[in-house]
Amino acid sequence: MFRLLITRLAAAIPLMFIVATLVFFMMQLNPVDPTATLLGDDTSPEAVAAARADLGIDRPVLTQYTSWLGAAVTGDLGVSWFNGEEVTTLLTRRAKVTFSIVFGSLLIAISLGVAMGVTAALKAGRWQDRTVTVVSSLGIAVPNFWVAIILAAIFAVRLRWFPAIWTNSRTETPWGWIHTIILPCIALGTASSAAIARQTRSAMIGVLQQDYIRTALAKGLPVRRVIYKHALRNAAIPVVTLIGFQISALIGGTIFVEFIFNIPGLGTIGVESVQRANVPITLGFVMITTLVVVVANIFLDMSYAWLNPKVRRA
Amino acid sequence: MNAAPIDSLEPVDAPTGTPGAESSNTASGGAGGSRFWARFRRNKLALAAGGFLLLELFLLLVAPLITTHDPNQATSFADGLVGPGTEYWWGTDSVGRDIYARILFGTRFAFTAGAVAVLTALGIGIPLGLTIGFFRGWIDRVIMRVVESVVAIPAVVLAITIIAVVGPGLIRAMFAIGIVYSMIITRLTRAEVFAAREELYVDGARAAGAGNSRIMFRHILPNVAPALIVQTTLLFATSVLAEAALSFLGLGATTSEASWGRMLRSAQESIDQSIWPAFPPGIAIFVTVVAFNVLGDGLRDAFGREARGGRVGVGDVEKAKATEGNEPNPDSLVSVRDLSIRFPRPGTTEDVSVVSGVNLDIARGEVMALVGESGSGKSISALSLLGLVPDPGRATASSITLDGRELVGLDFDQLREIRGKEIGLISQEPSAALNPAYTVGRQIAEPLQYHLGMSKSEARERSIELMTRVGIPTPETRIDSFPHQFSGGMAQRVVIAMALTCNPKLIIADEPTTALDVTVQGQVLDLIGDLARDLGVSVLLITHDLGVVADLATKVAVMYAGEIVETGKLTEVFHHPQHPYTEGLIRAIPRNESRVGDLPTIDGVVPPPWEWPDGCHFAPRCPYVAPGCLEDDVELRPVAASLTRCVQAEELTLIGVNPAELAESTATIGAGPGSKDGAS
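Going line by line, the protein sequences match chains E and D. With positions in the first sequence counted from 1, the corresponding number in this note's numbering is that position plus 133. With positions in the second sequence counted from 1, the corresponding number in this note's numbering is that position plus 5.
The shape of chain D in the complex, shown without the other chains:
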């Protein structure tokens, strides 16, 4: 359908999306018919394309009634190559035939050609694919060998060769095209059968005693149908192109048949006299093919094959007005003031606030924990320090200072001086954080070369030192390994080494152990703690698990639904939580106590931002909720030794825990549940 007219041995619009994300997920034919139509009806473009094709079918039937000239009969030779006008609406070709009539009659050939090719392809491909997919074994191996060999022959060449045997002519040529296309259908059907076989229901049907043919037709075919319907529509488009192409070469329709390809041939022969006759058939082919493609894409989307890719890119933090008296703390290493982040609400044009009014201070050499569930806004808040707010989010802050330097207002390239050099990032999933295409050595060395101007060999030497420092055995050889050759724990050590390259002042560790095995979580946390102590670097440790921070952090900020709800010294927050959410998180820490039943958790999840209530965001999930909680915005205010955002803080007696005991007990069972927390 693209370059050459008949090139469609390519699986149409093959794996889009990310590499590795398989596209053969049509087997999920479970989407009910009504949902399919509902989705399809919403796709105006595909509906229009379908309507246009129906109109063409109608014109095809009534063509003799709405044309005044015979499509094949030249009225008079004097009328050759007449331009568009009242007598001949779209002019005439070189022998004086009415182009308008020929285009309308040409629809017949286009649709006939498409039908012949597609029916041939389905008639051969489906039975063949079902058979080999079902019986597998040597039949499958032999036939697939042949199919693969045939597919290696350029499609046009193959079609022409088949035409050499079956002879030229529209129907025969399209039959040849159909044979070529049947290879795609065979492979597609076979693949779907293989996928469907794996599903339990086929086994179930087997166990229930259904015969082979029954299994094939009742169970597998309906599942293959969505992919086949899409593919058939797209094949129709390529068949229209193929008909035109072969007729153009003189292998399809004959001179007396008014096919679009023949018209182009005749236009090409008189091209030095007039270019006009080439346009109507070219446009007719083009519009028909576009309509089939759009319809096919629409069907594919309606079957729910592919969610359209989102946006990409990152943004920096824009300047916002400071709230009264909210000045940055000049003594802190990092001081964030009035950080707010807004995102467009999916499916609407309005913005919602996902983070609001966050203030954060991290002292030099301090490990600060930012704790909250998935969806609380903690990761994105940390990323805004680096100016890496994911698009289409928009972050604003009155001030973000690092070592006294104001970061708000710096552009992307000015922030590059900060990223990797002043602030290192350790992210959640080490295997995803490393580029699979390059050796770890090159990835560690990159910031050394860019920020410190080291030569390749210097950077390599330093990389080996860093790998040694983070506890990777035999770094001299491991440096040339690729990320996939590392275990999760070792890969995370590589990421840590990468974050350390330029002796940063701050390391942001975003759920650094969540993706790791329970057994290595403790080791990686210990490593981060050691590094913080030995190198004097500050750490912003982001986690959903308070248990992780007990023996690491000195200060804690608890975030819920875009706001910091409690912050204070770790011992204070643990001993005397002042916010019910903090209490809930503390209760959810796994402890080495004999206990019966499940770990207590906070009911529910963080609701999406547009459902956050006025007043206290936590109120809907809070066990202590009182009528006053939803009245007004709740301010962060000092209670006891911490700051809290709970109006009832003084009245409630919340239960804490002794962090020292906790650290001891968690150490023996690993560092918390291995549950995965999505990016928040």
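Here chain E stands alone, though its shape is the one from the complex:
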């Protein structure tokens, strides 16, 4: 188990390096000139040159790359081009918001999705199964940001059960925090649960037909134990794979719900920095979101080993 962790971590480092390199050089192709935003009307060559020197983009690209990478390794992602704010500080603060939404959505997606999938599998061919199958097939086609718009319109704007606008003061108490992010979590989580339900159902149906389920029943165990102990753990493997994709998808999804609910998270700053060609923030945005996906996948890999003992010695 420990060796597996080390191997996976070792594989993650070159991966992050490739991502950093790719994205850095890609951003060099960015056609927007940041000095135009910075300087406004003053476009004299001296002022532009001074601004470029200020930002450090007058240096050769390779020098820029090595100095950025060198700092990034130590956790320093540079400063925003436009207001000098430290990117690491800024993004860490916002990451807290974004990843609590991702986490909340994931909890909803997994509990709802697994419950629906298990129910459908146990009642395969009956009305419960047909309902889950139809609902989840339709569910994966609903744009999650549309769900967010509608939820916001009904529960935040109309009924005022939840805040429609982000206020820092409200999010200071745990309850206020949950109250603020619950609607975005529901919007993302329910959409995601459809995919998990489909996968759980088909995995469960496959597992329930295995001989060891009959063996467990033949031992006289209660159905509940057979399902939750013997079947679910084996059915979980493909579901865990899907959850890996869902984490990545949910991070993407937060960009939309942050926009709709005016939440100061990574997504809003990321899109803004892309639109304004604020390269340090854009790079940091990509690196942080990718890092979280990579780390999450390491945990999922570890869970495979727990779920499937055959993997442990691999």
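Treat the hints as calculated values from the structure; they're not laboratory data.
With a cut-off of at most 25 Å between alpha-carbon atoms, the simulated DSS-like pairs for lysine-lysine come out as follows:
| id | chain 1 | residue 1 | chain 2 | residue 2 |
| --- | --- | --- | --- | --- |
| 1 | D | Lys426 | E | Lys362 |
| 2 | E | Lys256 | E | Lys362 |
| 3 | D | Lys461 | E | Lys362 |
| 4 | D | Lys426 | D | Lys461 |
| 5 | D | Lys324 | D | Lys426 |
| 6 | E | Lys362 | E | Lys443 |
Here the structure is a predicted model, which means the values were calculated and not measured.
Using the hints, position chain D against chain E.
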């Protein structure tokens, strides 16, 4: 396609079905085109989805003809946020533009967006995948490293970053999406090429001197095509979602373009005044995406990728009326009367009988063999003793008694007291019978804890004793091993230990040696025989191989096509078979005699239940068949010392064998052919 609009770096609808059952079986592109269309045409839902998408394409072309308002021009500001009505069918948005017109014109953007993204993805992904799949080596390693890294970036984040470089705008944004999707296509193409390479025909083409490019395009591409067609359809769906999402963020279509995503953005901006404008574009996106998904699923099914999962679950035995004078035998340990099992015939609504009128008596301490080919109904008959009739089968019996206790009518939980405690089950394939996720120790201990209320440590101690008893060396350490760490023979010993945990009165051994190596078959049979003798437990031994039972069983019941065709003492049945089917089984026993040619077998297989004839079920395969055989139902009746279901029993002189000699000779060559008998 699910949570986030652009999350589709996930292989769409990845491995469904059982874990380990690979889904990359599209390489079997061998299914002819006509069969493909025949299958596809039967899928009404997919046809409807395809029709709907064609209709949308048509509307896209004629949109200017069937709208009365300009999609981008507000007629008058006073008309902002009008509800649906006769002037504006679906109302207007906040600046007074006709929503109906905008939705119809929006189709153009949706389809353009999909086309741009999908073509980009295919244009990059297919050549790249073919190249690296074909050349392999360092090119493959380097490119796959990069692809894997890129795939780690959340798809939306990656798309937005690419847009930062190529600039916003519908076409550019969808180009960015296409680059993201090309990663899936690359991996898919590469995987299919790898699979196809393994197939002989590529080697064959090589040997025939075809060049690399020729091999790629003539031989591999057609094989990759089914998977790509399915994936392309599904990518079209996600592209429609992606267009809407990016336009919503302001990175795709511009304000003057009536895209569905833009419409949602404008609806969101005026959401506190009216929620209505959010519905038409949302529904348009939803319906289009559903149509593409359904079409994609339909294509996948038509390509024969995945057989839909069957039903699951088990049922117990229901009460049936007893036939006259068919009372349970109070002296037997197990007494089954009038057991019948029916299944729905696949593809129809009617039921067929797979087991009918089975009576069975097992005395205390007796080993009873239930013999028959695959499909004769022997396994399912035995499982009904445990109330584990696989769904959707329905079993009925007038009585099943165990030690005098009536089991028919007990519900699932009442039967739990029987399962594992009174009746143990040893099944065919030990590796499948054990749960791969838990140590064997935990699995052996489970019934001890549940039925006997033992503590964990007591159960562990007892488990070690049991493992010792069934001949597993060093049980103290093996107890913490997982099933995959055992050989087949040792795993079957674990299963036997599990069946023994609560000192059952009966053990059902369902083809206990069929899945094992010939060399260990004899050992496992000996173990079962020893245990039966030492512990005084009765055994119901199910097998397709009479040779297996010769030195183990005292009584035999031969089953064919859902009926017991002969039953009696083992020596009688072996010496003097009274049914031609029994004779056939005896002739099929491998013997240590010098013989030339193949083992004689009974021609054909057990036909499916709906083809069983009236009268004698065996008649179509019987070498002695006479006109009288098919006239009436044949009853089981006493002939000589056995019961038989053959009308000609008295006239026929069937050839038997001496079981003692047989046991001797089979012992030296293992216990019968290693042929696998499917669940019957």
